[in-house]
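Chains as they are written, first to last, in the working numbering: chain A, 1 to 429; chain B, 1001 to 1315; chain C, 2001 to 2461; chain D, 3001 to 3259; chain E, 4001 to 4259.
Among the hints, erroneous ones may be present.
Keeping only pairs whose Cα atoms sit at most 25 Å apart, straight-line, the calculated DSS-like set for lysine-lysine is [claimed, not checked]:
| hint | chain 1 | residue 1 | chain 2 | residue 2 |
| --- | --- | --- | --- | --- |
| 1 | B | K1218 | B | K1257 |
| 2 | B | K1199 | B | K1218 |
| 3 | A | K119 | D | K3128 |
| 4 | D | K3128 | D | K3141 |
| 5 | C | K2285 | A | K422 |
| 6 | E | K4073 | C | K2223 |
It should be emphasised that the hints constitute simulated quantities derived from the structure, not laboratory data.
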Amino acid sequence: MTDARWSEPAPTRRWSWTDPALRSAVIQIALAIALIWMAWSFFANAQANLARQGIASGFGFLDNSAGFGITQTLIPYSESMSYGRAFLVGLLNTLLVAALGIVLATIIGFLVGVARLSKNVVIKALASAYVEVTRNLPPLFQILFWYLAVLSTMPSPRQSWSFGLQPMFNAFAGWASGIGLTPLSDMLAALAGDVSAPGVFINNRGLVVPRPVFEADFSIIFWIFVAGIAAAFLLARWARRRQERTGQQFPSFWAGLALVAVPPTIAGFLLGWPLSFETPVLRGFNFVGGIRVIPEFVALLVALAIYTAGFIAEIVRAGILAVSKGQTEAAYSLGLRSGPTLRLVVIPQAMRVIVPPLTSQYLNLTKNSTLGVAVGYPDLFAIFAGTTLNQTGQAIEIIALTMAVYLVISILTSALMGWYNKRVALVER
Amino acid sequence: ATLDDVKARGALNCGVSQGLPGFSNPDDKGNWTGLDVDFCRAIAAAIFNDASKVKYSPLSAKDRFTALQSGAIDVLSRNTTWTMSRDTTLGFNFVGVMYYDGQGFMVRKSLNLKSVNELNGASICVQTGTTNELNVGDYFRTNNLKYELIAFATIDETIKAYDSGRCDAFTSDQSQLYAVRLKLTNASDHVVLPEVISKEPLGPVVRHGDDQWFDLVKWSYFALVDAEELGVNSKNVDQMVSSPNPEIKRLLGSDGKFGEAIGLPVDWVARMVKQVGNYGEIFDRNLGPNTPLAIDRGLNKLWNKGGLQYGMPVR
Amino acid sequence: MTTAQNPVSYVAPTDLLKPEPAPVSDRGAYGWARAHLFGSVGQVLLTLFGILVVLAVVPPMVRFFITDAVFIGTNREACLPETVGRPVGACWPFIAAKWNQILYGFYPADERWRVNVVYGLGVVLLIPLLIPRAPYKRTNALAFFGIYPLISFVLLTGGDLDMRSFVLGWIGLDFGVTASANGLRLTFWLQFLVVTLLAMASGMALAPVFGGERRAVALGILKAFAVVGIVMLAMDFDFGLPQVETRQWGGLLVTLVIAVTGIVASLPLGILLALGRRSELPLVKYSSIIFIEFWRGVPLITVLFFATYMLPLFLPGRFTIDGLLRALVGVALFASAYMAEVVRGGLQAIPKGQYEGAMAVGLRSGLMMRLVILPQALKLVIPGIVNNFIGLFKDTTLVLIVSIFDLLGILRASFTDPAWATPTTLFTGFGFAGLVYFVFCYGMSRYSMALERRLDRNQRH
Amino acid sequence: MSQTSQIKADAVAGEAEQAVELIGVNKWYGDFHVLRDINLSVRRGERIVVCGPSGSGKSTMIRCINRLEEHQKGRIIVDGIELTNDLKRIDEVRREVGMVFQHFNLFPHLTILENCTLAPMWVRKMPKKEAEEVAMHFLTKVKIPEQAGKYPGQLSGGQQQRVAIARALCMRPRIMLFDEPTSALDPEMVKEVLDTMVSLANEGMTMLCVTHEMGFARQVADRVIFMDAGQIIEMNEPEPFFSNPQHERTRLFLSQILH
Amino acid sequence: MSQTSQIKADAVAGEAEQAVELIGVNKWYGDFHVLRDINLSVRRGERIVVCGPSGSGKSTMIRCINRLEEHQKGRIIVDGIELTNDLKRIDEVRREVGMVFQHFNLFPHLTILENCTLAPMWVRKMPKKEAEEVAMHFLTKVKIPEQAGKYPGQLSGGQQQRVAIARALCMRPRIMLFDEPTSALDPEMVKEVLDTMVSLANEGMTMLCVTHEMGFARQVADRVIFMDAGQIIEMNEPEPFFSNPQHERTRLFLSQILH
Ligand SMILES: Nc1ncnc2c1ncn2[C@@H]1O[C@H](COP(=O)(O)OP(=O)(O)OP(=O)(O)O)[C@@H](O)[C@H]1O
Ligand SMILES: Nc1ncnc2c1ncn2[C@@H]1O[C@H](COP(=O)(O)OP(=O)(O)OP(=O)(O)O)[C@@H](O)[C@H]1O
Ligand SMILES: [Mg+2]
Ligand SMILES: [Mg+2]
C-alpha cells in the first residue's frame, strides 16, 4: 500500500499579501503592541498617582499587628498577630465554607435533579418549586433569610436545646443487656460514665459539641483504625479480583465498613477507652470548652449550598436526559437491571455532560462566599478586603491580592475538573 | 486646585455615610439629611451661596478612603474617627472634630450588668470597617477579658443579630447606640453601659496636597462653631451683619476680608449660617431633643458651656 | 382473525381493525393518579412529605406578610407593637412612604415624568417584541435595541453632553473654532467630519491589501460613521431638559438600567469573545482566554470595587468617569465573559457540515458567521443566555457596595431613616425586594422556556 | 420461592413448544392504538422478517417481546415464560433474548471488549477471563477480533453494528431480535452486517428481524410478515410473499420498496 | 489591480480548456498521505463518477476542488483559476462550483426558500425578488416548489437532498460536485434524488460525483474513476469499466459493491 516514494514531507507555502497567515501575523503584532502599551500606561499612572498623593504602598503592612478579633479561626490567632496571619485565617475560612458548600450542594443538587425526573407529581412539583425559588432569588437574600429568619429563632444559651450523650449511651446499654450482649452493654455503660454531662447543645450561638481529648494509649486505637481502612481497601481489591476471576460478587462495602469500625471498638474496650471528652459547660455568657460551629458559618453554608444546588439540579437533569434512551434500552435488553444500568452505563456518560457546567457552579459558589460578610462570617473578603483594607487603606495591594487568591482558587478548581473531564472524555474516530 | 475644580463643576462632591441616623440618611422625600450632610451643605453655601449645590457620594466604611484618595470626592464628611495613621499614611488631613464621640456598649437589662468589665466571655456584635472593631480588641486585651467579636457589613444586620440574641452586647459609637434603640423589639429592655472605652473624634477629611482647600474646609467648621458662640444664627444673621461686636463683624465679613484668604467672598460665613445654621442649630436639627434620636450634647457643648467644641478665632 | 394456533401464512381481511380506546386503568384521572401519586408506598410517603413541607413554609409567610401586617400609617408609630397592641408583621406603610424612592431613587420630583416615559416606552416596545405573533418584528427590534436606548439616555440624563473634541482634539488639533449652537460645538463636528473623511481615505487605501473592494469599504466606513454621528448628535443636542446626574438615580431605575445595559452589552461582547476564543490566531485566542478566565475567576464585588474606586488611580491625571458608567462597564465585562462561554458552547454544537455548506455556497467567513452559524448557535443556547440574564439581574444587588443605590440599596438606606425605625422594617423591605427580584427572574425564566419550546416546534427534525 | 418454580414450570411446558408466542396482543400509547390484536407464533429456530411502512408498529411489536415496552392486553410468552409485571420474569426473558438496534447503542465509554463482557459479568456472573474468552469468540465470529481494545467511536458503522451483534450473542440468547439493523449504515457496510446475520441464521438461531433488505429476506427468512396500522396484514413464506402478495396493501408497499 | 487581471488572464486562458484540472496534487493530513499525485482533467460538460473503498480519499479530492481542504503540492485549476492561498481566487472558484454533501448540510434555521436565496443575495448581491424567482425556478426543477415555506427539518431526506441541489444551482455554478448524495437516504428516497441528478446531467452540467450507485454511473457518466489509498487506480468509460475492469483492485471492489 505505502510506497517509499510517497513518504515525502509537505512543501513549504508561498507568501502573498492576501495570505491569511501573513494577515494574522500583522493583526497579532498590532494587538500585542496595544496590550503592552495599555498595561504599561496603567502601571505608570498608578505609580505617579500614588507618589503624588503620598499614599503608602507595598506589602509591608502584612507584618503589622492586626488588632481585631475573628470569630472563627481554624488556626491559632489572636489580635496581636499580624495582618498576614489574619489573611491566612480568612483564606482558610473561605476554603472551608467553599469546600463544604461544594460537597453539600452537589449532594442536594443530585437529589433534587433526580427528583425532577420522578414520576411522582408532588415530588416533581416540589423539586421544580425548589429550583425556581432558589434560582430566582438573589443569594444575598437567601443568606440573610437563613441567618435572620431561621437561625436567630434558636433559643439563648441558657435555654439551649441539649442532647445528652449519657442517656443515649445508657439507653443503648440497656438494650444491649436486654438481648444478652453483656460486653457491649458494659462498654456502653462505661462510655456513658465518661460523658457525664449532656454533650451537644444548640442555641443562637451555634452548635456546641464535646471536644475529644486523646490520652496516650489512644494512638493504638488510631493505628488499628488506619489498619482497618487499609484492610478495607485490600478487601475491595480482592473482591474485584475475585469477581473477575470467578464472577462471584462480594458485599465488600459492608465488610469493609465492619473492618474499619469493629477492631478499633474492641481495642478501645480492651484498653478501657483512653479517650475522654471535654464537655462544654455554660459559664457566664457562653459555653466554654467543646467545639462550636457558629451560626454565621451555618447560615452561609446552608444558603450557598441550597442556592447552588438549584443550579446543579438543572445540570444533573440535563445530563441524565442527555444520555439517549437507547443506552438504557440496550442495557436492559442485555438483562442488566436498573441499578447496574444507572451505575455502569448512564452515570458515566452523564458525567461528561455534567462536569463542565458543574465546574462553573463550583466557582460561583466559591465566589459567592464573599457575601458572607453580610452575616458576619469572617471569610477572606470580610477580613482582608474588608477590615484590613479599612484599617490600612492600601486598596491596590489588598484588592490585587484578594483577586489573585480567588483567581488561583478558580483556576485550580477548573484545572482539576478539566483534568477529570479529559480523563473521561469519549474517544472519537 | 480643588476649589477651582469645585467651582468649575458647579457643585461640591461630598462623601457621606450610606445611612447613619442623624448624620446622613435620606428622608421620605429622598433628601439627604444629617449632621455630616449639613456640613457639606454649609461649605456649598460658602462657595456658591447655594446650600443645595452638593453631590453626595454615599460611601460604605471601607470604600471611603479610596474614594477620597482617588479624587472621587472633595471632602469626606462621614463620621470618620481622627487617627494618626489615617492622618498620615493614608495621605489625608482631618480638619477638626465635628462630633466628639466615644465607643459604648449596649446590653440587655436582664443581664444585670453594671460595667463592661463584666462582659468576660461575651459575644459582641460590631459593624465591620470601623475603629470600633479595634477598640474592642484593645480594651478587652488590656483588661484580660475574653470575647467573641462578630463583625457585620452593615449596621442593620448588626442590630438584628443583637436583637435576636446572637450577641450579648452591641458596641458602636455612642451616638449610634441611640439610633439603634429605635429598631429594637423592646427598646426598654436594653441599657447602655456607663463606660466609654475610646475616644472617637469624628470629623471631615480632605486629601493631602491642597492646603488652600484644607484651610477652606477647616475654617468653615470653625466659623460654624464661632457663629454659635457669638450668637449668630440663621434667623438673626441678617441683623447681626450690622452688629457692633467686632468679632461678629470680622466673622460676617463686615470688617476685614478674611474670606478672600481661602478663596471665598467676604460674606461666606453669613451665607453658611443663613442657609444651614450655626453649629448648635445643625446639631439640634439632626440630633437634638426634638428628633427621634434625642442625643444629649455632652462633650459637644461649646467650650464655654462645659464642652469641647472650640472655634478658633477669626482675626 | 387468527387463532392462537398460528398458521404459517395469513392474510388480513380487506377492512382492517379499527382503533379501540385504551383500557380504563390506563386512561383518565384514575390512570394518571395511579401513575403519578399513589402507585406505591414510597410514592405515598413522598406525597405526604411534600404536603408537610408546604405546611411548614406557607402559613408563617402568610401570617407575617398579610395577617399580622400593618397596612396604614404615616410613621414608625403605626408599626410598633405597643401602639397596635398585637404582634406586628410586615410594615407596609414603610414601603408606601418610600415608594417614590424605590421607583426613582433620588431623581428630582419635577423630572420624574422622564423616568415614567422611559418605563412606559420600554413596556410598549418590549411587549410586542416578546409576543411571537406580533407583526413588524424587525422594526420593533430596531426601535427597542437601537432607538430606545438613545431616547432613554437623553431623557434620563438630559442629554446635551459637553463634547469638545473628537480624536483630532485629543492630539491638539481643534481648528480654532469656538462657535456653538443648541449645545453643539462646531469644532467637535468639524473634527468629526475630518476624521470621517480620513478614515474613508485610509480604508480605501488599505482595502486591496485585505482583499476588499475600495468602494464597498469606503461606503461601509461612511455608514458606520453616519450611525455614530447620529447617536452623538442626539446626545449632544440641547433639548432643554435639565441635567440629572446619575448619582441621583436609584432604586428600580438603577436596577433596570444596570440589568438591561448588562444584558444588551454582554451579548455582542460575549459573541466577540467566544469567536476570539475559537480564533486560529494564537494571540487573539489566548488574550480572549485570559480575559474570560480572569473575569470568571474573580468575584464581581472586587471587580466593581476596582472599577469604582481604584480605576482613577490607574488613569492619567484627574480623569474621571461617571460612577454609574464605571459600574456598568464592570458589570458588562463580567457578564460578557460568562456569555462568551455560553456562546462558545453553542458554536461548538454546530456541526462542521454547516460551516462547509456555507463555504461551499461561497459565503465568506464573516457572512457565514452572521447568517448561518451564529443564528443557530444562539438559538441553541437560549437557556444558557437567559440564565446569564437572570444571574446578571440578581447580581445588580452587588452594586450597593460601590455606593450605587439600586433597589436593595435604596431600601437599605431607608432602613436608616429614624422616622421608620421599627423591628420589622428590615424584613418588610427584604420581603418586598425579594418579591420584585423573584417576579423579574421568574418571568424571564418562564419566557425563555416558552420560547425554547416554540423554536423547537418550528424546526423539528 | 413459588415464583421461580412457576417460571420453571412455564419454561418446561414451553421447551417443547414455541420460542415466542403473541396472543391477542394490544398496546396503546395514551389513546393511540399502536398494536391491534397481534397473534404470532415463532417456532424454535425459525427466522422471521417483519416489514411494513414507517409507523406501522414493527418496532413496537419487537420491543414488546423483551419488554422494552409494556403491552396492555393479550399475552406474550417467550421461551415458555409469560411476560407480566413480575420483574423476575422480565429478567429471565431478557437474558434469553438478544436485541440489536438500528443505532447500535453501543456504550461509548467502554471498549469493544468491555461492551461485550459487561452483561455476562454482571448478569451471568461470569468470571472476567471467561467472559473475555466468550467475547473474543464472538468478535472473531463477526470478524473484528482485532478491534477489541478500541472504543465504539473509533469504528465504522458496519463494524459497530457487528459489535452490537457480538455483544448480544455473548449472553448466549436463544432468540435474537433485530430492529432495522442495517438502515443506519453506508451501503458498503450493509453487506458485512447482513453476512453476519446470514451466518447466524444458518446456525439455527431463532430470529425476528425488522428490515427492508428484501434480498436478505428472500435468502434466509422462513416467513415474512407485513404490518400496517398496528396489525399483521399478511404473513407468508418469502417465495409466495414476494411473487404473489395477497393483500392490496402488501402489493402497494412492495411496489414502492422494490423500485 | 494586477491580481484581478492575473485571475482574468487565467480565466481567459481556461475558457477554451478544461473545467477542472488537477496536476500532481498531493495532500497530507499531518503525516498521513491522503492524496498521492492525482492527475485529472475534466472537460466542460463532462460527467465523472468517482468510486472506491471508504477512506480512499474520494471526498478529500472533491473537497480540494472547492478548497474546503487545502492541498500542499501540485496545482488545481478550476475554470481557469488556479487555487492558491489567495482568498479572492478561492471566492471566485467557490462561486463557480456548487457542492452537494452526503448529509445535505441545509441551514436548519432558514426556510427552504431562504436557504436558496441566501448565497445569491449575499454573495452575488442579487435583489431579493430576483433571488426568489431564481430559487423558485430551481425548486420547481427539483419538483418541490410547494415546500418553499417550510423548514428543512420538516422535509424528508430525499426532499432535503433535492433542496440542497437546488440551493447549489441557485448560484448558477458551472461545475457541480456531489459527495455521496444518496448514501444517507432511506432506500425509498434514493430514486427521486438520482432522477434529479440525471436531468441535471442531461442539461450538460459539468459534474463530479462520488457515488456507489452504479446504475446511475452507467446511465450518465462519461468516465468512471476508481480510487484507492489516495491514488487514481483506474479511469475509463463506464461500459469498459464495469464490464472489463483492468486493475485487480477494481475487480475486487466491484464484486463487493454489486452484491
Ligand atoms: N413512546 C411513544 N409514545 C407515543 N407514540 C409512540 C411512541 N413510540 C412510537 N409511537 C408511535 O407508534 C407508532 C408505531 O411506532 P413504531 O416505532 O413501532 O413504528 P415502526 O413500524 O417501527 O416505524 P419505523 O419503520 O419508522 O421504525 C408510530 O406512529 C409512532 O409515532
Ligand atoms: N481532518 C482529517 N484529519 C486526518 N485525517 C483525515 C481527515 N479527514 C479525513 N481523513 C482521513 O483521510 C482518509 C481519506 O478520507 P476521505 O473522507 O477522503 O475518504 P473517502 O474516500 O471519501 O471515504 P468515504 O467513502 O468513507 O467517505 C481517511 O483515511 C480519513 O481517515
Ligand atoms: Mg421502527
Ligand atoms: Mg467520503
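Hint by hint, here is what the structure shows:
In summary, the hint linking B:K1218 to B:K1257 is supported, as the alpha carbons are separated by about 17 Å, within the 25 Å threshold. For the hint pairing B:K1199 with B:K1218, the CA-to-CA distance comes to about 21 Å; that is within 25 Å, so the pair holds. The suggested pairing of A:K119 with D:K3128 is violated, with an alpha-carbon distance near 37 Å, which exceeds 25 Å. A distance of roughly 20 Å separates the Cα atoms of D:K3128 and D:K3141; the hinted pair therefore holds under the 25 Å criterion.
Taking the CA atoms of C:K2285 and A:K422, the gap is near 21 Å; set against the 25 Å cutoff, the hint holds. For the given pair, E:K4073 sits about 43 Å from C:K2223 by alpha-carbon distance, which is inconsistent with the 25 Å threshold.
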